[in-house]
Amino acid sequence: MSSSEVGKEGVRGERPGREAQIGKGLRGRGRRRGGRGEKAMVPEAEFTSYYGKPILNPPVWKSLDIAGYFFLGGLAGAGSVLAAGAQLTGRTAAARALKISSLAAIGGSTAALVHDLGRPERFYNMLRVMKPTSPMSVGSWLLAAYGPAAGAAAALEVTGLLPRLGRAATAGAAVLGPAVAAYTAVLAADTAVPAWHEAHRELPFVFVGSAAAAAAGMALVAAPVRENAPMRTAAVFGAGLELAAAAVLERRAGLAAEPYRRGRAGAYMRAGEVLSAAGTAGCVLLGGRSRAAAALSGAALLASSACTRFGVFHAGVQSAEDPKYTVVPQRERLAARGPGPTREP
Amino acid sequence: MGFFTDTSVCIGCKACEVACKEWNAVPEDGLEFTGMSYDNTQGLGADTWRHVAFIEQSKPIGQNETGVDHGAADQGAAAGAGGMRWLMASDVCKHCTHAACLDVCPTGSLFRTEFGTVVVQEDICNGCGYCVPACPYGVIDQRKGDGRAWKCTLCYDRIGVGQEPACAKACPTDSIQFGPLDELRERAAMRVDQLHGLGVEDARLYGQDPDDGVGGDGAFFLLLDEPEVYGLPPDPVVTTRDLPSMWRHAGVAAAALLGGLATVFAAHGREGGAR
Ligand code: SF4
Ligand code: SF4
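Those sequence lines, one after another, are chains P and V. To convert, note that position 10 of the first sequence is 10 in this note's numbering; the numbers rise steadily by one, no gaps. To convert, note that position 217 of the second sequence is 217 in this note's numbering; the numbers rise steadily by one, no gaps.
In short, the hints are calculated from the structure, not lab data. Watch out, some of these pointers could steer you wrong.
To be verified - Under 7 Å between C-beta atoms, here's a sample of chain V residues computed to sit facing chain P:
| no. | residue |
| --- | --- |
| 1 | ASN40 |
| 2 | GLY138 |
| 3 | GLY145 |
| 4 | PRO180 |
| 5 | GLU183 |
| 6 | HIS249 |
The C-beta atom is built at its ideal place from N, Cα and C for all residues, glycine as well.
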């Protein structure tokens with residue numbers, strides 16, 4: 001044993017969450033030391049890393065801005081669909097409230113996005129190009145189309161001017177709204193961040209489900225009881241879709257799903273589930289009778305949607321910060337492929 | 001054009017790190033004692049465009065044995081007493097053939113040069129930070145207090161006037177070699193064969209294969225251990241490879257939202273109607 005071992009031990013000791021060892025290949029390694037008291041959801045991760053340092057550079061996005069952006073974008077998008085539905089079926093108070101909330105939410109989400117830029121004064125560079133390979137570019141253009149439609153729908157509703165144009169704007173926002181709610185999932189998934197990328201099939205469904213629940217929640221808060229029957233059904237639909245998609249995600253994404261159950265991300269995800277269950281149950285059981293119960297359930301649904309977005313955001317950050325989530329799945333992929341070009345004899 | 005970094009001859013002098021900082025006027029980013037062997041830069045980032053990794057292992061290299069005359073100095077990385085060895089490797093942006101950073105950049109500030117390299121145009125970057133989590137190698141990063149993304153330019157300004165990049169120029173052992181990629185690949189293959197012949201069975205190339213997940217790297221490496229030992233991903237894939245599937249799933253999800261909510265209203269009918 002050379003003295004350099006001390007250095008290695010010291011480094012390992014400094015990072016208690018790490019089992020990574022320097023310079024020991026995967027093959028022929030013993031079992032990982034136990035005693036961490038955590039029940040492994042997935043096979044034991046055996047891997048090597050460079051002093052436990054992350055392989056990826058974690059997102060530099062601020063959680064409040066970007067998770068907030070996801071939440072508000074979903075609220076706005078699904079809200080526009082509900083507004084159109086409410087208007088078509090003669091639920092005028094709900095329609096008006098949802099149009100206003102969609103405008104406010106899309107305004108807030110755009111502000112959050114611009115605020116997060118390192119150089120917000122250069123936002124206009126976003127509209128220099130149109131790149132389908134960049135979900136952020138697609139999103140910018142989507143917002144450029146949806147924002148004015150949602151704005152016109154709200155403004156014409158409030159002022160009562162140009163009713164025909166108002167209906168067209170409402171319809172336009174309702175068609176673009178789902179895209180606004182869904183594309184943010186692609187925005188997150190189109191990265192090397194394991195918890196996001198591996199979830200790219202399920203994440204859009206988690207996001208639109210969560211968006212529907214949030215918008216239904218907003219309607220329950222803002223609209224009178226006599227108009228909220230479809231909103232309660234929409235809440236059940238949204239919460240159910242979100243829950244089902246999240247369950248599939250956790251099963252399919254393998255090791256990359258682990259961060260969704262751990263640490264801050266796990267806490268947010270669990271809070272989201274509890275609030276979602278409470279909100280849905282509350283509005284189904286009492287929302288048709290009591291205005292207060294409807295509003296309370298609606299608030300729980302809104303909070304649940306926000307928690308889910310924060311949970312997804314932090315799961316991504318956690319998975320980027322631990323090299324395990326990068327190395328182990330890639331190793332497994334290589335092993336499944338058999339001896340490849342990087343494994344020359 | 002690209003880099004071939006032969007880590008088996010790297011002596012860890014960090015001349016490349018210094019030359020890069022000097023030439024590109026990259027700001028100082030803190031001198032820390034990290035306890036990670038002789039590594040005080042830790043990894044690639046906005047202000048570290050070349051990073052020399054130091055790995056201490058109790059593993060002999062090739063046919064080396066303690067106390068034996070190392071006549072074959074060619075065997076590269078030094079084998080010290082007790083079968084302990086140091087691996088050193090100068091890491092850099094890989095200038096991927098399919099570069100995720102470039103694909104996701106919403107402003108077009110990241111672009112591919114006439115040399116096939118990937119460069120950020122600093123006056124157009126708006127600091128959205130999307131390229132940072134998109135890079136499967138953890139290379140590009142946002143500079144604090146500046147907001148923009150920075151990384152190795154493969155000395156775009158130097159190669160434009162026929163000079164080799166500062167790091168390659170400064171490297172005293174030719175661990176960093178610059179040139180046309182196919183020439184470098186040929187040379188690299190020969191070097192691997194040579195090392196295998198010397199009994200350095202662990203020698204392997206990393207990032208040289210144009211059929212890998214990123215379409216091959218413009219900067220590839222000869223490594224003496226698994227990539228993750230050096231902090232490199234074992235099987236990186238450009239994230240946009242799955243983008244068509246992502247858009248498809250998002251499209252279906254958006255349609256499900258629209259259709260689902262439409263069904264809800266259809267089922268409930270007009271206010272005061274059914275149910
Ligand atoms: S290594 Fe990362 S930063 Fe460099 S070209 Fe590839 S994706 Fe871009
Ligand atoms: S090519 Fe230039 S910028 Fe890139 S690492 Fe070498 S010296 Fe630094």
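A quick look at each hint next to the structure:
{"no.": "1", "hint": "ASN40", "in the structure": "violated, 12 Å"}
{"no.": "2", "hint": "GLY138", "in the structure": "holds, 4 Å"}
{"no.": "3", "hint": "GLY145", "in the structure": "violated, 9 Å"}
{"no.": "4", "hint": "PRO180", "in the structure": "violated, 21 Å"}
{"no.": "5", "hint": "GLU183", "in the structure": "violated, 19 Å"}
{"no.": "6", "hint": "HIS249", "in the structure": "holds, 5 Å"}
In the structure shown, a violation is registered for the earlier hints numbered 1, 3, 4, 5, in ascending order.
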